[in-house]
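There are 2 protein chains.
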Amino acid sequence: MYNFEYKNPVKIIFGKETISKVAAEVPKNAKILLTYGGGSIMKNGVYEQVMNALKEVELSEFGGIEANPHYETCMKAVKIVKNEKVDFLLSVGGGSVLDATKFIAAAALYENGDPWDILVKRGKVEDAIPIGAVLTLPATGSEMNGNSVITRVSTLEKMAFSSPKVMPQFSILDPQCVFTLPDKQVANGIVDAFVHVMEQYLTFDVNSPLQDRFAESILTTLIEEGPKVLADRKDYDAAANFMWAATMALNGLIGAGVAQDWATHSIGHELTAFHGIDHARTLAIVLPGVMNIKRESKKEKILQYGKRIWGITEGTDNEKIDAAIAKTVEFFESTGLPTTLPAYNVPEESVTKIVARFEKRFYKLGEKADIDHREIEQILRDRL
Amino acid sequence: MYNFEYKNPVKIIFGKETISKVAAEVPKNAKILLTYGGGSIMKNGVYEQVMNALKEVELSEFGGIEANPHYETCMKAVKIVKNEKVDFLLSVGGGSVLDATKFIAAAALYENGDPWDILVKRGKVEDAIPIGAVLTLPATGSEMNGNSVITRVSTLEKMAFSSPKVMPQFSILDPQCVFTLPDKQVANGIVDAFVHVMEQYLTFDVNSPLQDRFAESILTTLIEEGPKVLADRKDYDAAANFMWAATMALNGLIGAGVAQDWATHSIGHELTAFHGIDHARTLAIVLPGVMNIKRESKKEKILQYGKRIWGITEGTDNEKIDAAIAKTVEFFESTGLPTTLPAYNVPEESVTKIVARFEKRFYKLGEKADIDHREIEQILRDRL
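For the record, the sequence lines run as chains P and X. Per the working numbering, the first sequence runs over residues 681 to 1064. Per the working numbering, the second sequence runs over residues 681 to 1064.
Misleading hints may appear alongside valid ones.
Okay, the calculated beta carbon distance ranges per label pair [stated by the list, open to error]:
1) P/ASP917 to X/SER842: 24 to 32 angstroms
2) P/ASP917 to X/LEU1064: 56 to 64 angstroms
3) X/ASP794 to P/ALA840: 50 to 58 angstroms
These aren't lab readings, by the way, just hints derived from the structure by calculation. Given the structure is predicted, the values throughout are model-derived calculations rather than measurements. We put the CB at the ideal spot given by N, CA and C, even for glycine.
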C-alpha cells in the first residue's frame, strides 16, 4: 500500500424527507446564493421543499447552470457573489450544478489572477465561499469530494480542479429525488459511478486488498441495484443503495493508498468538449478501449475484476480479458448507453483532432503516466 | 436502508515513516500534554520519534495509562490539564491510551457536575480539549471515531461514551508499529476489529447491500491478512492492510444506515470489569454465544455471513448456522484466543453476578433491544 493522507469532513444527511433539514445546516444570518440548473427542481418539488425550509433566510438565486457547466456561466455567478456579498452557496441539483458552485466558490475569492488559471495552471485555491448541497441526482460523487470539472465554451476546453476548500460543508441526499429522473440520467449515473470505481481499481497492484474489496463492493452494488432503479423508479431501497454507492465511488476512500488511472476521464472530456456527449457516455465509450489497449499493464487487475465481478474463470489470460471487456460493454449497453464512437456520430476525423490536442500537452495519462498520444489514438480507434 | 447522518472529519496520515509528520499537525504555540501507556513506546522507538519531531514544542507528559483505562487515572490527568492550562492532548499509544485521552479531553471541560456522569448518565459533552493521535496498535478503531470506554476500579464498572467533540483532529498510523507487537496484542487486535464489524453486520436485514459488502470486505481482509501478521511481524503490507482494516471497522462507515447490535460488547465489558480479561478476548468468548442464542432473529445475516465469508452452502439452516459459529470460533482460536469462560478461569458464579447486574439495569441489549438478563444468562452459559 502507498502512504496516503485522507480527510473527508463532509457531513452527509441521507434518507427520506431529509431536504427540510437544510434549514438547520445553513449558517445563521448568512447571505445565501441558491444555485441550480435547468429547472427540473421546479418540476420535482425539490425547489419548493428547499424554499419552504428556508423561508426565513435571505436568499438570492442563480439558475440556468447547464450540464458540463460553462466557465462563462460560472463567471456570471461570481459577479453576483461579489456584488451581493454572498457568504454561502447552496447548490440544489446534480453534479454539474455542484461542480459549477465549487468553481464559483473558489473563483469569487481567487486573488492570484484570472480564475481560469485554477483550471489550466493549477492555481492554488487559498480560500473559497462555503458550500452546502442538496443532491438531486446520484452520479458524480461531487457531494462528498473537492473535485469540479468546468468547460470553457469559447475554446472547447473541459478541465478539472480539486481542493479541500470546496468540499461541501454538508450534502443532503434524499433518494426520493431518483423517483422522477428520466432513464437517461439514471443510466448516466450508474455508468459514471461505475467508471469512477474502475479508475481507482483497474490499475497496477499495490497490495491493497481492502481497497480492492471496497471497490468491488461498489461495482457489485451498481450492477445489482442499478437495473432495479431503471426498472422501477419508485423502488426506494434500490434508489437509496444506488445513491450511496455513487457517493462512495468518489469520496477518496477507495483511492486512498492505491494507484489511480483517470485516462478514461481525460480522453472522455475531449469527446464532451468537441461533441457535447454526456460525460458518462464518454466514459462508456472510452473505458473498454483503455482496458483493451492497456491489457498488459493492467493484466492482474483485469483478471481479478473479471473473476470477482463477472465470474470469469475459463480460458487463457487474453480470453479472460476479452470476456471481462465484453461483460463491461454488455453492462453499459444494458443500461441504454452505446459504447462506440459511431453510435454518437463521432467521425474518424475527430480522433485525429483529439490526438493532436494531447500531442501538444506535455503530460501522459494513466496510473503509470505511460499513455501518450499514440496510445490515445489506439484507444479511440478501438472504439470506432 | 435507514436514514442516517455521517460525518467523520478525522485526518488520517497513513504509512511508513509518518510519525515525524506530527510536528506539522499539532497547533502552533499550544501547550501540549503527551499521554501514553506502560512504556512500550520507549522500547519500540515511537517515543523517541515523537520527541524528535516535537523538539521545539512546549510539552508535558502523562504516562502510565493502563489497558482498560481507569477513571481514576484519567482524573489525575484532568487535574494536570487544568493546572497547567493544557490546550492540546497528544495520545501516543493504542486504543486504551486514546480512549483515556478522549475522556480526559471531555472531563477537563465538563461543567455540568461530576465527569463520571458523561459515562453513566450520558452527560452531554459540550466541548473538549482538541486531540491528536499517534497510533501504535491496530485494534479499537478509536483513531477515527469519537468513542471511548473507561473503567471505574472502585465500582468495577466499565462504561462507554461517544461524542464528535473527542474525535481526533488527526491520527498518524505507521504500520511499522506493528513490527514490535507481541502475538497477544496482534491477536487481540484482529479479533477486536472482527467483532466491531460483526456488531454492525450480523443484525437484521435493512436492505443495505453496500454496507454488507463493505463489512464483508473488512472481515475477509482480517481473515487473510491477520494470520500473515501473526506469522511474520515484519511483513509491511500485511501490517498495513491489517491496520487500515481495523480503522475502517469502527469509523462509522459500515454502521451508517443499518441496524447495530453491540450486545457482545456490553456483555464483554462485564467480563473485563469483574475478571480483568482483555477486551478482545471477552468478545471472542461472547460473540459465539450471541450467534447461537440469537440464531432466529439474526438468521438471514448469519446465513449470508456463513456463505460469503466461509463458503458454507450445505445443510439445513440450523446446520449452516452451527457451521458459521464453528468457523468463527475456529478463526478466533487460530489467532491464539480461547473462546470459552473456563479457559479464562471464569467460574459459574460469575455468570450469576453478571446477570444480576444486567437485571438491575432498565435497558435490554441487541439491535432489537430484546436481549434481557435471561437471554444474557443463556449466552454466558453457552460459553461455560
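Going through the hints against the structure:
1. P/ASP917 to X/SER842: 24 to 32 angstroms: 28 angstroms, holds
2. P/ASP917 to X/LEU1064: 56 to 64 angstroms: 41 angstroms, violated
3. X/ASP794 to P/ALA840: 50 to 58 angstroms: The hinted range 50 to 58 angstroms holds for X/ASP794 and P/ALA840, with Cβ atoms some 53 angstroms apart.
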